[in-house]
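S.K.: Sequence:
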Amino acid sequence: METLPLYVPVIFIATTILTLVLFYKATAFSKPVIILTLTWLAIQAALGLSGFYLNESTTPPRFGLVLLPPMVFIATRFLTQSGRSYIDRLDIRTLTLLHITRIPVELTLYWLFVHKAVPQVMTFEGRNFDILCGITAPIVYYFGFVKPVFGRKVLLAWNIICLLVLANIVTTAVLSTPLPFQQFGFEQPNIALFYFPFVWLPGFLVPVVLFSHLVAIRRLMTKRAAPQTQI
Numbered sequence: 002m003e004t005l006p007l008y009v010p011v012i013f014i015a016t017t018i019l020t021l022v023l024f025y026k027a028t029a030f031s032k033p034v035i036i037l038t039l040t041w042l043a044i045q046a047a048l049g050l051s052g053f054y055l056n057e058s059t060t061p062p063r064f065g066l067v068l069l070p071p072m073v074f075i076a077t078r079f080l081t082q083s084g085r086s087y088i089d090r091l092d093i094r095t096l097t098l099l100h101i102t103r104i105p106v107e108l109t110l111y112w113l114f115v116h117k118a119v120p121q122v123m124t125f126e127g128r129n130f131d132i133l134c135g136i137t138a139p140i141v142y143y144f145g146f147v148k149p150v151f152g153r154k155v156l157l158a159w160n161i162i163c164l165l166v167l168a169n170i171v172t173t174a175v176l177s178t179p180l181p182f183q184q185f186g187f188e189q190p191n192i193a194l195f196y197f198p199f200v201w202l203p204g205f206l207v208p209v210v211l212f213s214h215l216v217a218i219r220r221l222m223t224k225r226a227a228p229q230t231q232i
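Sequential numbering from 2 applies to the sequence shown in the numbering used here.
Among the hints, erroneous ones may be present.
Okay, the calculated beta carbon distance ranges per label pair [unchecked claim]:
#1 F30 to V147: 29 to 37 Å
#2 L19 to L66: 41 to 49 Å
#3 Y8 to Q82: 43 to 51 Å
#4 T40 to L19: 15 to 23 Å
#5 H116 to Q82: 46 to 54 Å
#6 T81 to V155: 13 to 21 Å
#7 A15 to L68: 30 to 38 Å
#8 E188 to A29: 19 to 27 Å
#9 E188 to L80: 36 to 44 Å
#10 L69 to I218: 28 to 36 Å
#11 V147 to A29: 43 to 51 Å
None of these hints come from the bench; they were simulated from the model. Keep in mind the model is a prediction, meaning the values are calculated, not measured. The beta carbon of each residue, even a glycine, is placed where N, CA and C say it ideally should be.
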């Protein structure tokens, strides 16, 4: 991967920190959550810096170690009684606002494309419309919770649509990775996510965004959003 301008990793790291702060706030400043998350970020940073994920010949691919633990964590939250109880204590107002971090993430992906580290298909010039979710997030937050104009159905629809948009870019990113199942980006594979700090995108930012949508959808469908959300 060619040398990037300093502002690219700096802005991405700042975005990760902002996401962490907002998620920490949504959990009512849970110490176990912040300790677990910081530990996970440190582990992924160390693996990214060491070049651990650059070996593409292993079976299964090492990159699975970025994705699997967060997915297991999310699954256990929804499949266990204690996990569902935890979900119902989260502040979905803050989880909604958290999606504004998708704007600098998409800008980062564009800069990475310019510097030949991800394919164009992963940017808003390609198949990635995720930036629209980030742009609309403060609008949904304001008219859904601060000055409640949007009803439950509007909030639910927005979360479902943005979840589908997220699924689209995640699928595109995975299929653009230089692994045996690659389908996109042959002229410029998705290699940036193998490196620090961009390994935090699949290892932390995407799982948090996914979790935030799933929590909001559950809460809105089961009518457990009140009284915090005032809808």
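S.K.: Which hint numbers does the structure go against, in order from smallest to largest?
M.R.: Of the numbered hints given earlier, those the structure breaks are 1, 2, 6, 7, 8, 10 and 11, listed in rising order.
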